[in-house]
Amino acid sequence: MARDTLQYKVGLFIVSTVALILATAVLVAYKKDLFADLATYRLLSESGEGLSQGMPVLFSGFEIGKVSALELSEKGEVLITISVAQKHARWVRETSAFTLEKPLVGSPRIVVKTEDTGSAELPADKIVPIKTIDDINEVIKKAQPLVERIQSVADNVDKMTNEGSELNKIIADTRKITKMLSEKKSLLEMATGDKKGQETLMKTLEQVAAITATVDTTVKRIDSMTAKADEGVFGDKGSLATVNNILLDIEAKFKRLDALIDNAVTMSADLQGTTQDINLLRKDVDETVSSLRQLLQDVRNSLPFDQKKEIKLP
Amino acid sequence: MNAVSWIESVGAGALGRWRELHQLLGFASAVFRRLLSPSSYRPLTVEIAVTQIYFTAVQLLGFFIVVSVVFGSLFIGMTLFVIKEIGLTGYIGDFIAGVVVLEMAPIMTTLLIALRSGSAINAEMAVMKANRELDALEAFGVDIANYLFLPRIVAVMVSVVLLSALFAIIVTASGLVFSAIIFDMSFNTYTELIAKAIEYRYFTIMVVKSAAFGFFITFIPLYYGSRAGYQLTAVPVAVLRGMVNVFIAIIIIEVLSLVARFL
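Residue numbers (the working numbering), protein chains in the order written: chain A, 60 to 373; chain B, 60 to 322.
So here's chain A without its partners, still in its complex pose:
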């Protein structure tokens, strides 16, 4: 059989596409646990509100089963039968808590929480009560105090705006003030109700203004004098500059004087040495003179010359 015939190509297309579709369908069915053994558990709810057949049963965010049946009990409560794939049955224990969650976004689901996964498996005939968490109702509950406060604020606003309320009185008074202002009455006159007092105050204020002007002129003069004094003292040709120059000159002279003193000290030291030499020389001279005197005495003593002791008067 030729493989490039039109019939062959069409047949190949149909067979391969159908096979692909079937394989996908089988994969989906397998993933949906269609071929898996199921374990069933029974739950009890006071109301069937939010419950539906086929609703997912989640454990840690993963779907492990579905609600397979819903029926009313003899007491009027809702009996929920959930089917869980046998491979996920280990998460459903006697200690498991079942909660019906109704989120704000998304469809309701039953959530299984198991604290102790080592506890005994939940018996199929045991009926476990289910809790309900309704996000919308929770939001309403949380919003209730806020609504009450808003209501209180609205009531207050209502009271404030009532006829005879403080706010209305304030508005009425404001109107009176505005009216008086429009009649060109001053605030002082409105406050004291005395026109003379206002005139006196006006005069006083005029005097204060005159004094202020005088003080202002004086201050300006002082400012001018201070500026001149500044120039005289701190200016380029001011006293301070002259004193600085003198000090610099004195400093230079002191330096020269230092040199002179150093020289004088040196000379003094030399002079001291010379003085010592003179002392020695004198000592030598003294000794020589003493020796000569001794010699002369000796000579006198040795020579027979009479010496007249009397002094003759002229």
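The hints are simulated quantities; they were obtained by calculation from the structure and are not laboratory data.
Some chain A residues flagged as far from chain B (calculated, every beta-carbon gap over 12 Å):
(1) Ser106
(2) Ala179
(3) Asn196
(4) Thr220
(5) Arg234
(6) Ile270
(7) Arg280
(8) Met284
(9) Leu316
(10) Asp317
In silico DSS-like pairs for lysine-lysine, Cα to Cα no more than 30 Å straight-line:
(11) A/Lys90 / A/Lys146
(12) B/Lys143 / A/Lys201
(13) B/Lys255 / A/Lys190
Beta carbons are placed, not taken as given, at the ideal position from N, Cα and C, and that holds for glycine.
Assemble chain B onto chain A, guided by the hints.
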């Protein structure tokens, strides 16, 4: 033109359209009944249907797969990115199953086939009418509905159903690649999410919807083509009227399917 004659012209136009619609739906009903009757399928009918599948689906397959991969990848990539941005990662499966499998796959396939094969069938019929081939077949006692309409309609229906499924599979597979890149999601997690979101009725809805698309995007061009005038200038007019009505039919079917899905 006075007011009375204007109202008369509006009424005449409305009546004319109603009669045309009535005639079209009546003829469609007759062809659909013939479609369901096993005696309508003779070897020649099957042979023509196989040939039409070849022209409609097999010849288009390469281009179709490329379009599916490119368009599907872009669409899935952008959408998954947005889903991540708004923090609805848990709804990937619902989105792909609900939007891609049920809505996008059939309509994209239908538009491609309507543009390619629907217009060709429309022109073919109009030319046969202009050449008086249809009159000749009728003169020889050939059942035009069985010989011309039925095999083409069946072929396009089969093609649209198969190609829609193929489109859905290709786009879902490209979603796997993007979910791995964007969400670092494993094959197992992705297939779990998709499988949990797909309901068994989705298969039925998709097949019925694709088949309905296939029926009307073939029947309407055949109908308007066979009603064309005998001049060659009537051919483009017949194609134009046929394709506009095909577009309207696609919209009506889409709306009806949405209503059926959510009611």
